[in-house]
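Chemist: Next come the chains, spelled out residue by residue.
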Amino acid sequence: MLAPEMYEFRNLLAEKGILFCYSGYMTEDVLSGIGQAIRMKLELENADKKIARSVFSLFVEQVQNVIRYSAEKEEFIAGTVQKELRFGVLTVGHKDGSFFVSCSNLIEGKDVSRLDESLKHIQQLDNDGLKKLYKETLRGETPEGSKGAGVGFIDIARRAQKGFEFDFMPVKDDRSYFSIKAYV
Amino acid sequence: METIKIAATDRSPEVEFDYSLNHFALRGESYPENVNEFFGPLMEQLEEYFETLSGAEINFVFELIYFNSSTAKILMGLFDMLDEAAERGNKVRVEWRYEEDDDNMEELGEEYGEDLEHAKFILTKVPAV
Numbered sequence: 001m002l003a004p005e006m007y008e009f010r011n012l013l014a015e016k017g018i019l020f021c022y023s024g025y026m027t028e029d030v031l032s033g034i035g036q037a038i039r040m041k042l043e044l045e046n047a048d049k050k051i052a053r054s055v056f057s058l059f060v061e062q063v064q065n066v067i068r069y070s071a072e073k074e075e076f077i078a079g080t081v082q083k084e085l086r087f088g089v090l091t092v093g094h095k096d097g098s099f100f101v102s103c104s105n106l107i108e109g110k111d112v113s114r115l116d117e118s119l120k121h122i123q124q125l126d127n128d129g130l131k132k133l134y135k136e137t138l139r140g141e142t143p144e145g146s147k148g149a150g151v152g153f154i155d156i157a158r159r160a161q162k163g164f165e166f167d168f169m170p171v172k173d174d175r176s177y178f179s180i181k182a183y184v
Numbered sequence: 001m002e003t004i005k006i007a008a009t010d011r012s013p014e015v016e017f018d019y020s021l022n023h024f025a026l027r028g029e030s031y032p033e034n035v036n037e038f039f040g041p042l043m044e045q046l047e048e049y050f051e052t053l054s055g056a057e058i059n060f061v062f063e064l065i066y067f068n069s070s071t072a073k074i075l076m077g078l079f080d081m082l083d084e085a086a087e088r089g090n091k092v093r094v095e096w097r098y099e100e101d102d103d104n105m106e107e108l109g110e111e112y113g114e115d116l117e118h119a120k121f122i123l124t125k126v127p128a129v
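Chains as they are written, first to last, in the working numbering: chain A, 1 to 184; chain B, 1 to 129.
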């Protein structure tokens with residue numbers, strides 16, 4: 001019953017146009033490996049270079065978000081170094097003439113309203129508005145609790161030529177499941 | 001100061017800082033695992049060095065293929081640093097090279113360049129690889 005079950009799973013992914021799917025702990029090595037495979041696949045498909053660059057960029061920003069912020073994590077000490085593994089689900093695909101990149105992960109319930117507000121704000125900005133906010137954020141202080149530039153989502157909005165969608169679903173232990181999908 | 005030369009990797013750019021000629025360049029991909037670890041010491045040293053210069057000719061070339069948003073923040077600081085060096089009386093020339101079909105990289109260059117008030121900015125189209 002192994003093959004039928006996995007074949008069904010594979011077909012489900014194929015129906016959704018999914019070319020790459022990864023569910024598990026995201027690490028920088030995973031990012032490097034999948035990133036290279038995505039670039040190769042887009043090259044093989046003769047995807048427009050501009051589209052290929054955007055897809056790759058959306059992939060990097062989304063996966064780095066999971067690596068840094070997913071609330072589903074394991075921490076451990078390796079030698080003297082504190083290490084952590086963070087869990088997320090990534091899909092990259094092509095359907096109805098658009099490429100898409102999507103990531104999903106748990107977040108703390110207390111972070112939902114802040115993230116929801118900032119994503120809604122970004123979503124309704126036009127190109128000039130996004131550019132302005134991007135530059136302001138690059139110049140500004142790093143937001144509290146942020147480990148990156150804090151510009152990742154603005155970058156996603158700028159690269160997603162066909163827009164992006166996102167939502168949240170409350171799950172147990174005051175946590176929510178967060179999902180974002182960007183289209184090119 | 002000694003010339004710094006770091007070879008490019010899949011995820012970090014080639015760094016060439018020739019302090020004797022004041023020629024500096026970053027080329028390639030930039031989405032390192034930890035941007036601060038990669039760029040922090042380089043940027044600190046550069047800033048200290050620029051503060052010692054006056055009336056010098058400084059050339060900085062950017063030839064980037066892809067960079068992530070964390071790198072974008074480093075670049076913003078670097079452009080400010082270069083503009084400040086120009087404001088202090090150095091002759092600073094910043095060149096942003098982009099592949100001819102890469103509108104996005106051209107646009108990013110324009111966005112950085114438009115904030116330079118004292119340094120000279122040049123956008124250069126190079127053939128796509």
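Just so you know, the hints here were simulated from the structure itself, not pulled from any lab data. Heads up, some of the hints might be wrong.
DSSO-like mimics (lysine-lysine), calculated; alpha carbons at most 30 Å apart, straight line [claimed, not checked]: (1) A/K132 <-> A/K120; (2) B/K5 <-> A/K132; (3) B/K125 <-> A/K132.
Chemist: All hints, please: hold or fail.
Modeler: Hint check results:
1. A/K132 <-> A/K120: With a Cα-Cα distance of about 16 Å, the restraint between A/K132 and A/K120 holds, given a limit of 30 Å.
2. B/K5 <-> A/K132: Cα-Cα ~35 Å, so violated.
3. B/K125 <-> A/K132: Holds, at about 25 Å.
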